[in-house]
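Visitor: Each chain is listed here by its residues.
There are 2 protein chains.
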Amino acid sequence: MQMLERIHLSIIREVEKRGSLTAAADTLCLTQSALSHSMKKLEQQLGTDIWLREGRSLRLTQAGRYLLGVAERVLPQLKLAEERLQQFAAGERGTLRIGMECHPCYQWLLRVVAPYLAAWPDVDVDVKQKFQFGGIGALFAYEIDLLVTPDPLFKPGLHFEPVFDYEQVLVVNRSHRLAGADFVEPEQLSAEVLITYPVASERLDIFKLFLIPAGVAPRRHKTIETTDILLQMVASGRGVSALPRWLVEEYAGQLDIVPVRLGAQGIAKQIFLGARQSETDIDYLRAFIAQARQLNSVHAAESGR
Amino acid sequence: MQMLERIHLSIIREVEKRGSLTAAADTLCLTQSALSHSMKKLEQQLGTDIWLREGRSLRLTQAGRYLLGVAERVLPQLKLAEERLQQFAAGERGTLRIGMECHPCYQWLLRVVAPYLAAWPDVDVDVKQKFQFGGIGALFAYEIDLLVTPDPLFKPGLHFEPVFDYEQVLVVNRSHRLAGADFVEPEQLSAEVLITYPVASERLDIFKLFLIPAGVAPRRHKTIETTDILLQMVASGRGVSALPRWLVEEYAGQLDIVPVRLGAQGIAKQIFLGARQSETDIDYLRAFIAQARQLNSVHAAESGR
DNA sequence: ATAATCGATGAATATTATGCATGCAAATGC
DNA sequence: GCATTTGCATGCATAATATTCATCGATTAT
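Protein chains in written order, with the working numbering: chain A, 2 to 306; chain B, 2 to 306.
No wet-lab data here; the hints were simulated from the structure.
Take these hints with a grain of salt, some might be off.
Which copy is meant is left open, because identical chains are indistinguishable; a pair holds if it fits in one copy or across any two.
[As the list claims (entries may be wrong)] Each computed EDC-like pair below joins lysine to aspartate or glutamate, with the alpha-carbon atoms no more than 16 Å apart:
{"#": "1", "residue 1": "LYS41", "residue 2": "GLU226"}
{"#": "2", "residue 1": "LYS42", "residue 2": "GLU83"}
{"#": "3", "residue 1": "LYS156", "residue 2": "GLU203"}
{"#": "4", "residue 1": "LYS223", "residue 2": "GLU193"}
{"#": "5", "residue 1": "LYS209", "residue 2": "GLU17"}
{"#": "6", "residue 1": "LYS209", "residue 2": "GLU251"}
{"#": "7", "residue 1": "LYS131", "residue 2": "GLU73"}
{"#": "8", "residue 1": "LYS18", "residue 2": "GLU203"}
{"#": "9", "residue 1": "LYS80", "residue 2": "GLU6"}
{"#": "10", "residue 1": "LYS131", "residue 2": "GLU83"}
{"#": "11", "residue 1": "LYS270", "residue 2": "GLU73"}
{"#": "12", "residue 1": "LYS41", "residue 2": "GLU168"}
Could you build all of it, start to finish, from the sequences and the hints given here?
Guide: In structure tokens:
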């Protein structure tokens with residue numbers, strides 16, 4: 002009855018990764034023969050082939066591709082479980098896996114993590130940025146324990162809490178024609194080169210909340226992965242960008258950049274921390290959220306608000 | 002290195018379900034001794050106990066409770082994988098697992114399923130109503146393949162599509178004082194007994210979109226599981242309820258009930274079908290969505306809209 | 001062409017899981 | 001209060017299974 006075992010999933014995944022049974026056998030510390038026998042048996046029990054034997058190479062069948070998907074979904078869950086349990090055994094509290102759905106939040110997160118690590122010496126922190134199904138999916142799939150996002154989702158099973166308010170502003174070179182303005186209107190960006198992180202336009206506030214509602218497009222749209230390089234591009238006059246005000250102010254000391262309000266009202270944003278409802282009573286998880294909120298109030302005080 | 006196996010998860014789950022190793026051994030077709038040996042070995046490898054031995058009964062430790070969670074999450078995935086693969090082997094297309102997040106949608110779904118089953122004879126349909134993490138979570142966790150919900154969520158990894166428009170109306174007995182009204186105002190319900198399905202008030206449109214915004218509460222709030230009984234209660238004058246107009250009209254032939262518009266504008270609703278983005282190109286899944294949309298247009302034509 | 005590489009396979013073997021018998025401790029019943 | 005039942009643990013024997021070794025045929029590369 003029960004025939005699909007962990008080893009089968011491991012073999013399928015490893016064969017796909019390494020390209021051959023022989024190579025996979027190597028990383029799994031088994032012989033090619035062992036894998037061959039195991040999979041043959043599984044194929045017989047399932048009644049369907051997993052690979053098409055083409056010459057001396059293997060190509061996944063439809064069933065095989067399906068199993069590969071299962072493997073890539075399930076194996077990490079098992080691996081994580083083992084790690085967690087061994088942490089329990091070692092008396093450690095575990096690892097808080099934080100997912101980031103918001104590029105510039107990284108800088109903010111670092112400021113929360115530092116005091117947290119000091120306060121909770123037996124809790125490790127891991128930060129992930131890429132998810133198969135986006136941040137929410139990663140929470141549901143137990144890939145992460147905490148999600149940092151500007152885009153919360155109030156759904157049964159999940160818990161979101163605002164921890165940080167900030168203003169999204171335009172960043173321009175100090176000698177840019179817009180540098181002194183009180184604020185900019187969408188139309189004023191139609192002649193600009195806009196530099197953003199490489200994510201879909203619909204997910205960028207400058208588009209979603211500013212340009213698109215006004216029916217305006219920038220002259221050009223470039224994307225850059227890292228904040229540092231992005232700001233250096235802005236500083237060197239190659240374009241403008243949109244970032245949190247506090248982040249711009251932090252870099253303003255070292256780079257020739259200035260923030261400008263977007264629209265008369267400005268764009269107000271919030272960062273949320275999301276967790277699984279069932280885990281909101283875990284002490285070290287609560288503590289992280291508390292830590293994050295606390296940093297925010299300090300921040301707000303500094304800005305004189 | 003790899004020590005946590007499927008059997009261990011099965012044992013933990015079954016012991017929790019049946020209450021003892023002996024009973025679990027029975028359902029797993031093994032002896033009590035086998036389970037004891039297996040788990041003992043795992044405990045040694047992990048370095049932590051899974052059960053506290055209290056007298057002659059087992060109580061899960063923290064690690065054990067964690068593993069139970071893993072088991073309840075992972076085992077269904079493996080079981081499903083086996084089933085799917087055996088369906089592949091048998092030449093079947095598979096099972097379309099549909100999740101419902103909306104009580105009265107069931108009647109509507111039945112009308113879609115009937116022609117669909119005829120058009121796709123080798124695809125089975127299964128309908129589920131209860132999910133650990135709500136409908137969205139069930140999609141992410143591969144518990145279901147399609148979600149019927151009035152509450153879509155546009156997120157990376159998921160795809161939602163509107164398939165059905167309808168109006169949410171008040172249902173009252175034919176001789177009720179509101180029966181002839183063009184529409185009702187929230188205040189008019191403050192003296193009524195409101196009967197709904199047993200879900201949280203925030204998820205009921207009559208509260209969320211009608212009563213709460215007006216700051217009104219009904220005289221009493223009763224809950225009933227099934228549509229038939231609910232409507233019989235309404236017909237017998239025991240209270241009023243809120244349901245889709247088309248559903249009320251369907252029952253109007255057999256029961257003394259009439260629909261009344263909620264507010265001057267009425268409450269417009271939509272039903273969405275949600276699926277995992279990665280699966281939206283599966284033919285039999287697409288076909289279901291198409292079927293659903295088609296039924297809608299027929300419906301709309303009937304209503305003379 | 002020849003060597004090298006890959007997967008399949010049968011038989012031998014090593015490993016592991018399972019069952020049996022039994023012991024001990026804790027509930028249950030009379 | 002004592003016998004009986006029930007549940008888990010454990011040592012040992014054994015059955016079941018996974019793994020290896022040796023080898024083959026086929027394909028690919030040089």
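Visitor: So which of the earlier hints does this model not fit?
Guide: Hint check: 1, 5, 6, 8, 10, 11, 12 fail, others pass.
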